[in-house]
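Chemist: The primary structure of each chain is shown beneath.
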Amino acid sequence: MTPEANSERLGFMAPHTLRRLAAFAPIALIFLAASPASGSNDRGTFSIVAFDSVTQELGVAVQSKYFSVGTDVPWAEAGVGAVATQARVDPSFGPKALALLRTGLSASEVMRALAATDSVWDSRQVGIADARGGIATWTGSKCLDWHGGESGADFACQGNILAGPAVVAGMAKAYRETRGEMAERLLAALDAAQAAGGDKRGMQSAALLVVRPSATRPQFAQRYIDLRVEDHKTPIQELRRLLEIQEGFHGADNHFTYAEEYEAAGRPDMASRERERVAEILRRALSRSERDASMLNGLAWACATHDLYLDDAVKAAERAASIEPRNVDILDTLAEAYFRQGNATKAIEAESRAATIDPKSQYLKDQIERFRRANGR
Amino acid sequence: MMLLLAAGALVWAASPARATFSIAAYDSVTQELGVAVQSRAFSVGTAVPWAEAGVGAIATQATTNVSFGPAGLELLRSGKSAPEVVRALIDADSGGAHRQLGIVDARGRSDNFTGKLCSDWAGGVRGPGYSIQGNILAGEAVVKGMEHAFLYTKGELAERLLAALVAGQAAGGDRRGMESAAIVVVRPSEQYPEYRTRYVDLRVEDSKDPINELIRVYRLLEGQRLAEAHLRFAELYEKAGKKDLAQMERGRVAESLGHALARKDADASTLNGLAWTCATNGVNLEQALQAAQRAVALEPKNTQILDTLAEVHYRSGNAAKAVEVETQALSYSPNDAYLKEQITRFKSGTK
Chain A
1 MTPEANSERL
11 GFMAPHTLRR
21 LAAFAPIALI
31 FLAASPASGS
41 NDRGTFSIVA
51 FDSVTQELGV
61 AVQSKYFSVG
71 TDVPWAEAGV
81 GAVATQARVD
91 PSFGPKALAL
101 LRTGLSASEV
111 MRALAATDSV
121 WDSRQVGIAD
131 ARGGIATWTG
141 SKCLDWHGGE
151 SGADFACQGN
161 ILAGPAVVAG
171 MAKAYRETRG
181 EMAERLLAAL
191 DAAQAAGGDK
201 RGMQSAALLV
211 VRPSATRPQF
221 AQRYIDLRVE
231 DHKTPIQELR
241 RLLEIQEGFH
251 GADNHFTYAE
261 EYEAAGRPDM
271 ASRERERVAE
281 ILRRALSRSE
291 RDASMLNGLA
301 WACATHDLYL
311 DDAVKAAERA
321 ASIEPRNVDI
331 LDTLAEAYFR
341 QGNATKAIEA
351 ESRAATIDPK
361 SQYLKDQIER
371 FRRANGR
Chain B
1 MMLLLAAGAL
11 VWAASPARAT
21 FSIAAYDSVT
31 QELGVAVQSR
41 AFSVGTAVPW
51 AEAGVGAIAT
61 QATTNVSFGP
71 AGLELLRSGK
81 SAPEVVRALI
91 DADSGGAHRQ
101 LGIVDARGRS
111 DNFTGKLCSD
121 WAGGVRGPGY
131 SIQGNILAGE
141 AVVKGMEHAF
151 LYTKGELAER
161 LLAALVAGQA
171 AGGDRRGMES
181 AAIVVVRPSE
191 QYPEYRTRYV
201 DLRVEDSKDP
211 INELIRVYRL
221 LEGQRLAEAH
231 LRFAELYEKA
241 GKKDLAQMER
251 GRVAESLGHA
261 LARKDADAST
271 LNGLAWTCAT
281 NGVNLEQALQ
291 AAQRAVALEP
301 KNTQILDTLA
311 EVHYRSGNAA
321 KAVEVETQAL
331 SYSPNDAYLK
341 EQITRFKSGT
351 K
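Just so you know, the protein sequences line up as chains A and B, in that order.
Heads up, the first sequence is in our numbering, so the first residue is 1 and it goes up one at a time.
Heads up, the second sequence is in our numbering, so the first residue is 1 and it goes up one at a time.
Take the hints with a grain of salt, since some may be wrong.
What the hints assert, rightly or not - Restricting the straight-line Cα-Cα distance to at most 30 Å, the calculated cross-link-like pairs of lysine-lysine (DSSO-like) are:
hint, chain 1, residue 1, chain 2, residue 2
1, B, K80, A, K233
2, A, K360, B, K347
3, B, K80, A, K96
4, B, K301, A, K200
Hints are computed from structural coordinates only; laboratory data are not their basis.
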């Protein structure tokens, strides 16, 4: 048995030993040659790559008993593709596959191209989604058990050193059946995989990467949702916590941006779909016993300033203010939400509380003046 | 009037947490480019730092125009210098007065910009190969402290960037407190194209103590993938006939080992990783032995770590000790074929 196979049983030590083989190929080859029947040096991992033809989002979600899996496994670019490279991981498959996809090759053609130039393809596991709906998944026969993959119409799940086939099947089912935006569906797939036993060796890191074309925000082509958990006892739960914060901080604003882009492009149906996503985020946030005041604040502010979902925005702001009653930013959001709702009196009352806390702020004075003028009319 | 106020409010309240300090820098010897950043904002690593090997490193912050990242890299790719790109981006942006931007290009030219409406204290310093900037800071001492730490810290770029963050925080840092941090370092490599966008790429998205958490995960990286990367570069430099640079790369592993040994709380995984890396490459064997022994002391029944210690003994010419340690490992895992093979190998004296 190789030292790498040895490491697998010991779980937490696998990270560096896996890399032993990659780094010191000559040494590793000696071991492999001496014990051909031995296991490979896979790192246990499960991942999903997906394409959403409606939003044009491409995404990857991954969990591993390996440090900082987000550095090596997930790669994606809007309009190009999404790639997960794992098992005996060669991270260069990420940039290489994206470069090939950029030339117009499909997911399966890229998979064949990677296979053709690799000497240890039997030990690799790769999932690819291209930006035209093409899907490919590969699991080499020398990946450690349980290993395998399942592809659907617009996604592929794959994993190795798993508790069993139910892990991958559970991921696929969860992705198919979960409604809502891609990030939610990807995370639901990770949750389902973990619930089905996940990685045999346990958990250490996770990552979620979604990219999306945008006419006004070019950064979304590389980072639309891009969250990492590098080293954690329950990385998927932590990733969910981060996504919930992300939704409040950036999600609402992002959806409003896309709503405007779709309106400008003459697609009012898609625009209302984007706004509906914000309503979902709000509902989810309000249904949780949310303790993150700044997340609620961001969400309430985005809705208030877009004059949308004002009742829920007020609820979110009220809850934020009850968590942090002396936070001037939050009181200002609450005031703004009341004002937009048509309740200038409550707006003045909340903003006056803020002004008591920060008496020097000209902005708060201007806000109160603005609310008063409207009230007096 | 109301529209105007609403717009003002958006700037002020929708992005209240963009208080941030960052450094973008270049290492002319290794050609590394990197950015390190700390902020009161959630997940600062998604927005602020952008880097590509052979192109440049960008930090975009304050009321952040994130598109400065990809757009700036595109302009740098077209051959423009860091100062030209800073000017081009700011000139084309109606919100320029709220922005803060620092850029270093792949020739070490640097520039930064702080819009006059960035909240106090806001400003930056720069020099050849680096640009440091921050807003809503305790004062100018923050960026000055970062500069001093960057210039006087020895070692690899990531270490110097992290030292700058620590110094920034020590000088009062961000006056709204901390939430997230990130470090990205990129490095040209034909053999390992992934290093062009992710050589060091670590995030702390939401934490009470983000800089220390970033350093904690960096130490994990150092003991595992970075040590391996240095030996990869050492090999490439040897092949290219650059013995001094190969030596420097191996020296980096020795530095990592030194750092790990100097830390009382170094974890078993890092110590073990470094010891194994050094042993199997036949470098820094004395320190590797110390590291392996410390790892064993932390986890005395971990057969993986015992195997590393045995390997270090063996590579150091002490086959008897190697057999003894590996036999002990075997006693914890009697059916382990690999451990048996190792013992046979140590006894026969083959590599």
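Chemist: None of the hints should be skipped; say for each whether it holds.
Modeler: Hints versus structure:
no.	hint	result
1	B:K80 <-> A:K233	violated (45 Å)
2	A:K360 <-> B:K347	violated (79 Å)
3	B:K80 <-> A:K96	holds (26 Å)
4	B:K301 <-> A:K200	holds (21 Å)
The structure fails hints 1, 2 (numbered hints given earlier, in ascending order).
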